[in-house]
Amino acid sequence: GAGVSQSPRYKVAKRGQDVALRCDPISGHVSLFWYQQALGQGPEFLTYFQNEAQLDKSGLPSDRFFAERPEGSVSTLKIQRTQQEDSAVYLCASSFRDNYNEQFFGPGTRLTVL
Amino acid sequence: RKEVEQDPGPFNVPEGATVAFNCTYSNSASQSFFWYRQDCRKEPKLLMSVYSSGNEDGRFTAQLNRASQYISLLIRDSKLSDSATYLCGSGYSTLTFGKGTMLLVSP
Chain V
1 GAGVSQSPRY
11 KVAKRGQDVA
21 LRCDPISGHV
31 SLFWYQQALG
41 QGPEFLTYFQ
51 NEAQLDKSGL
61 PSDRFFAERP
71 EGSVSTLKIQ
81 RTQQEDSAVY
91 LCASSFRDNY
101 NEQFFGPGTR
111 LTVL
Chain B
1 RKEVEQDPGP
11 FNVPEGATVA
21 FNCTYSNSAS
31 QSFFWYRQDC
41 RKEPKLLMSV
51 YSSGNEDGRF
61 TAQLNRASQY
71 ISLLIRDSKL
81 SDSATYLCGS
91 GYSTLTFGKG
101 TMLLVSP
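Heads up: the protein sequence lines correspond to chains V and B, in order.
Just so we're aligned: the first sequence equals residues 1 to 114 in my numbering.
Just so we're aligned: the second sequence equals residues 1 to 107 in my numbering.
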């Protein structure tokens, strides 16, 4: 079946703009994760959903970052008033049941803030 | 100290060589351990889960040492196509990843 999809694949924003990044997990996957990956670094955890419940948002770097998954499927990561340091690849991953299962990653959204 | 640490490399090896990577983790409560492969400008792809008893998948062998809090990945008979960055992930409620180890296999 289809893997995790993300859109847009690339996003260029001017500093101060708001952006919304979308993630479509693998059908039937209960858990969904957002990560931020800077160049030369590993993925850094941002937040985690189990169905529609946001169980952990400890990795969100500031209150400008907000994520939701209202119907327990598609998720949106929103970044308000973008800053240059927000430039990174934002990866979404899903897993079948819970956070102990293997996570499958989407292709990511490469965000560049000018 | 970062929760998950890896030697960034690069490890330069000829085709056919055996190469091993280690990854240390600091959270003793970690229950899940994985190796992922990431090609340049691509997403991480699951290579293998790591179980307490160790596991093997073809040329790849993963081991977990809970006492010393490290996981390892052994690649035998390296292929050119094995060139990539290898990420280890460990965690309890969520996964923490290392920065990755770069492997370059040359002809």
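Think of the hints as simulated: they come from the structure by calculation, not from any bench.
The model shown is predicted, which means the values in this text are computed figures rather than measured ones.
All C-beta atoms in this analysis are idealised placements derived from N, C-alpha and C, irrespective of residue type, glycine included.
Please note: incorrect hints may appear among the correct ones.
Said to hold, decoys possible - Stretches of chain V that chain B covers, calculated by requiring three or more beta carbons in the stretch to come under 8 Å of a beta carbon on chain B:
1. 22-28
2. 69-76
Unchecked claim - Just a sample of chain V residues kept apart from chain B, beta carbon distances all over 12 Å, derived:
3. Gly3
4. Asp63
5. Phe65
6. Arg81
7. Gln83
8. Asp86
9. Ala93
10. Ser95
Okay, the hints, checked on the actual structure:
| no. | hint | result |
| --- | --- | --- |
| 1 | 22-28 | violated (count 0) |
| 2 | 69-76 | violated (count 0) |
| 3 | Gly3 | 9 Å, violated |
| 4 | Asp63 | 20 Å, holds |
| 5 | Phe65 | 16 Å, holds |
| 6 | Arg81 | 26 Å, holds |
| 7 | Gln83 | 23 Å, holds |
| 8 | Asp86 | 19 Å, holds |
| 9 | Ala93 | 8 Å, violated |
| 10 | Ser95 | 10 Å, violated |
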